[in-house]
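Enquirer: Sequence:
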Amino acid sequence: MPPNRKPYKGKEERLVVSVDIGTTFTAASWCILVPGQIPKFESIVRWPDQFEGSAKVPSVVYYDESRKPRAFGARNIAEPTTEAEHRWLKLEWWKLVLRPAHLLPEFVFPELPQGITVDKIFADFLSYIKECLQKYMQDAVAGDKWGKLSLSLTLILTTPRCWLSEQQERMRVAAINSGLVESPQQVRFVSEAEAAVLYAADTGRIREWLKASGLFGLLCLSGTIDISSYQVISAVPLQLEELTPAHCYVAGSVLINESARKYIEERLLINQLGADDADDPSEINSQFEAKKCHFKDPNKVMMLQVAGHITTNLDITRGRLEIPGTKIAEFFDISLDAIIKGMKSVISESRAQVNKVILVGGLASNIYVFSRIQKWAKDAGVIVIKPDGGNMKVVAEGALAWHLDSSVASRIAKYHYGTKTAIRFDSTNPDMEGRKVYFNPTGDCVVNGGWAGIGMKIRSKKEFGGWHHRECTDDEEVDKFEFPIYAFTGTSPPLFIKKKGQRQLNPHFIHICTIKCNLQECYDQAKYRKSPTGRKYKIIEVSPMIHFPTSYFS
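Just so you know, the sequence shown maps onto residues 0 to 553 in numbering that gives the first Met the number 0.
By construction, these hints were calculated from the structure, which means they are not laboratory data. Just to be clear, a hint being listed does not mean it is correct.
[What the hints assert, rightly or not] Cβ-Cβ distance ranges computed for the label pairs, FRET-style:
(1) N176 - E265: 38 to 44 Å
(2) S164 - T472: 34 to 40 Å
(3) T513 - S65: 48 to 54 Å
(4) P109 - I539: 48 to 54 Å
(5) S65 - V140: 35 to 41 Å
(6) I384 - P323: 27 to 33 Å
(7) I339 - C516: 43 to 49 Å
(8) F50 - P109: 27 to 33 Å
(9) E12 - I384: 34 to 40 Å
(10) I514 - F50: 52 to 58 Å
(11) C512 - N354: 38 to 44 Å
(12) E265 - G9: 54 to 60 Å
For every residue, glycine included, the Cβ atom is placed at its ideal position computed from N, Cα and C.
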């Protein structure tokens with residue numbers, strides 16, 4: 000525990016549980032808050048059908064033909080014939096089905112079977128996590144703490160930094176449906192990247208960096224790569240301020256596995272070999288997934304077992320498929336390109352000097368990935384350390400630290416937020432050509448549908464907004480005012496929200512919500528003005544205020 004964490008000041012014992020559902024693996028931690036004692040974090044390190052000390056369980060669910068969950072996690076390792084014998088459906092990578100639509104639209108994930116939704120999978124899997132937590136705590140902690148505290152527990156769920164409120168709400172509902180919690184108020188969210196940075200701070204291994212200097216944490220998971228940068232405001236107690244908007248890429252190890260799968264299936268030429276001759280490609284892919292963690296040298300060949308085949312043209316000799324190391328290095332290119340691109344962006348966008356990198360997460364454990372990042376960092380004058388030491392509980396335990404310490408004082412909004420407004424017509428601007436032009440009550444020639452942004456830096460738990468004025472006349476329905484709120488997920492918002500002459504939003508715009516209000520009283524109290532043409536109007540100053548919970552930005 001860090002030296003600045005204080006004893007719990009509450010009057011009653013409380014249970015806090017964190018669950019880090021990853022694309023390929025899941026971890027769970029908890030903390031029993033005891034009055035007067037410094038909180039201590041614990042994690043499940045004994046999952047069903049796994050070796051003692053395993054801190055993560057595969058994010059895998061098996062369903063039978065009636066769409067009931069029949070097995071979870073490492074069951075496929077302990078009983079490899081289960082799927083074939085019972086005709087169960089093995090579902091994996093399902094977390095990414097929940098991703099926002101604008102992320103990785105070109106990647107086609109396998110469709111979920113009819114009758115099974117990603118919401119159902121989340122709920123079923125969290126129900127399994129609940130069972131494992133209950134058994135583990137009952138076996139490891141005296142006094143039936145689970146029975147006494149579980150009904151009022153606080154649940155922390157982790158998400159990629161780019162998840163929106165829709166994803167969080169669906170996960171919240173799934174948590175309730177799983178039986179892990181009873182009410183929405185029991186569920187909180189933190190980004191995987193922020194939890195990882197706080198875990199790194201807890202280890203004490205970056206103590207020398209926790210001074211008035213910039214740092215950014217990089218988290219590489221199976222499905223996403225999150226990159227954030229922080230300024231240290233205070234070392235004791237630890238207070239961080241986010242420097243730049245977070246970068247999030249769906250370009251983790253799942254895409255590496257997918258590239259390998261396509262390559263392996265092409266090399267096997269299953270259709271030519273015949274169903275009786277070809278091994279199940281999924282078993283060969285599993286071999287690759289296990290061996291890729293140890294890949295480090297593009298000059299060495301990787302050997303995968305393909306039972307019984309001797310096909311020289313396919314490089315299958317003595318039942319082994321040879322994959323050149325240079326080809327395997329190509330599989331990592333998507334992730335490495337995204338990592339380096341993101342780090343360059345963070346460094347260039349930051350107002351403070353960022354020359355220190357905290358690297359954590361499963362993909363970062365790969366020797367080849369780590370060496371490539373180190374090479375880039377050396378050329379860029381950046382210091383890289385990996386403080387997790389291979390610990391697979393980084394995010395789950397970091398989520399507990401986030402809940403207890405509230406170390407991040409302010410964050411940068413994930414995207415640009417704003418509403419629509421009227422823009423003065425400019426005949427020299429080609430984007431205004433062909434758009435409908437009208438005269439507002441003041442007599443100005445304007446074009447509707449322009450973008451009006453709202454501030455970027457958000458203090459935790461604070462509202463944010465910006466003042467806008469509206470010119471109104473007596474014939475307008477000011478009692479039914481509406482302010483549509485949009486998010487722009489790209490780099491720089493364009494002048495207009497919608498395409499010219501269409502109702503369709505421009506690329507990267509997402510409609511978040513619509514604020515509805517009655518401004519009749521404000522209008523009645525405003526003074527009349529006169530336009531140059533003698534038209535009477537009033538001006539109403541309005542500031543649409545949006546309150547996002549801390550979890551939306553963390």
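Enquirer: Hint by hint, work out which the structure violates, then give me just those numbers in ascending order.
Expert: 3
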